[in-house]
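Trainee: Take a look at the letters that make up each chain.
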Amino acid sequence: MFRGKTILLSSYVDNECRKPETIKQIIKHDEETKSLYDSLLRSKEINKLSYFDCRLSFEGIRNGKRLILYPILVTAGAILFSLLLLFPLIKHSVTDYPVKNEILYTGVLK
Amino acid sequence: MCYNNKRDMDNEIIERAKMGDREAQKQIYIAYKDKIYTFCIFHNCNFDDAEDLTQDIFLKIFRGIKRFKRGNFNGWIYKIAINHIFNSIKRRKNFLKLREENFAVKDRNVEESIEIEKVLRKMPERLSLLLILKEKEGLNYKELSKVFGVPIGTISSRLAKARILFRKYYGGKNVQR
Chain A
1 MFRGKTILLS
11 SYVDNECRKP
21 ETIKQIIKHD
31 EETKSLYDSL
41 LRSKEINKLS
51 YFDCRLSFEG
61 IRNGKRLILY
71 PILVTAGAIL
81 FSLLLLFPLI
91 KHSVTDYPVK
101 NEILYTGVLK
Chain B
1 MCYNNKRDMD
11 NEIIERAKMG
21 DREAQKQIYI
31 AYKDKIYTFC
41 IFHNCNFDDA
51 EDLTQDIFLK
61 IFRGIKRFKR
71 GNFNGWIYKI
81 AINHIFNSIK
91 RRKNFLKLRE
101 ENFAVKDRNV
111 EESIEIEKVL
121 RKMPERLSLL
131 LILKEKEGLN
141 YKELSKVFGV
151 PIGTISSRLA
161 KARILFRKYY
171 GGKNVQR
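Those protein sequence lines, which keep their order, are chains A and B.
The numbers in this note's numbering rise by one with no breaks, and the one at position 77 of the first sequence is 77.
The numbers in this note's numbering rise by one with no breaks, and the one at position 169 of the second sequence is 169.
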């Protein structure tokens, strides 16, 4: 009952109830309802709240942390490019010593 | 209806912003940045994180503005902001900690405002945001129901609960209408 009454009074505070005149009369004549209504009205104090000042500029929102992908792509590209450059060197590299079966483990056993 | 249409953004600016006009987007940014930043601070408790969050929200707004059809622009912006804030809260739930030092804002001397901030921080996130959007931004129940994605009845009961909590934590004088 109390909760229903609170909801009704709260919607009266917001001018959103269906029968405002009836509620107005109840508030006028019932002390308990009036005190509840007054306590609900305290929420109006929120209007004294001042917003924080956001220092972020409009231009700044274009270059946000979303661009973290960009350095990753550049690094990946650089690694790929260097691998492509080094690939012919790796491919044509020749060992200094001849690889023969004799020096393998099986050859030693024989 | 207590909602004041003058608070809504000019249609011409919205249309220009839809076409990608940076100047129009800047006007929207200036009109809403402090509000959204404050919402983020209330629910993130860190100025740097709040700035990141504000930036993300505006990137989302400017990416999605083409999809906005005629209607309540205020409501549309707050819906994006609140969804994003709540999603980020879900992701960062374990890292959220209230920090006393953030309560006192150095460049503001308004004691009452700081007192109200403290009270709002004590309240559950959904209730404090709901109360700010109702009392300070003047959104009506229908708009609030769209912003929070809940029926009007739920908005009405949550507002009553929020008011009772606000009354409980706030020791100010009674306000006469």
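In short, the hints are calculated from the structure, not lab data.
Hints are not guaranteed to be accurate.
Said to hold, decoys possible - Calculated pairs, DSS-like style, for lysine-lysine (alpha carbon to alpha carbon, straight line, at most 27 angstroms):
hint, chain 1, residue 1, chain 2, residue 2
1, A, Lys34, A, Lys48
2, A, Lys19, B, Lys18
3, B, Lys146, A, Lys19
4, A, Lys5, A, Lys24
5, B, Lys142, A, Lys19
6, B, Lys60, A, Lys24
Trainee: Look at each hint and say if it fits the structure.
Mentor: Verification of the supplied hints:
1. For the proposed pair Lys34(A) and Lys48(A), the alpha carbon gap of about 24 angstroms is at most 27 angstroms, so the pair holds.
2. For the hint pairing Lys19(A) with Lys18(B), the CA-to-CA distance comes to about 42 angstroms; that exceeds 27 angstroms, so the pair is violated.
3. For the hint linking Lys146(B) to Lys19(A), the alpha-carbon distance of about 24 angstroms falls within 27 angstroms, and the restraint holds.
4. Taking the CA atoms of Lys5(A) and Lys24(A), the gap is about 13 angstroms. The hint holds against a cut of 27 angstroms.
5. For the given pair, Lys142(B) sits about 18 angstroms from Lys19(A) by alpha-carbon distance, which is consistent with the 27 angstroms threshold.
6. Between Lys60(B) and Lys24(A), the direct Cα distance comes to roughly 44 angstroms. Violation of the 27 angstroms bound is thereby established for this hinted pair.
Checked against the numbered hints given earlier, the structure breaks hints 2, 6 and satisfies all the rest.
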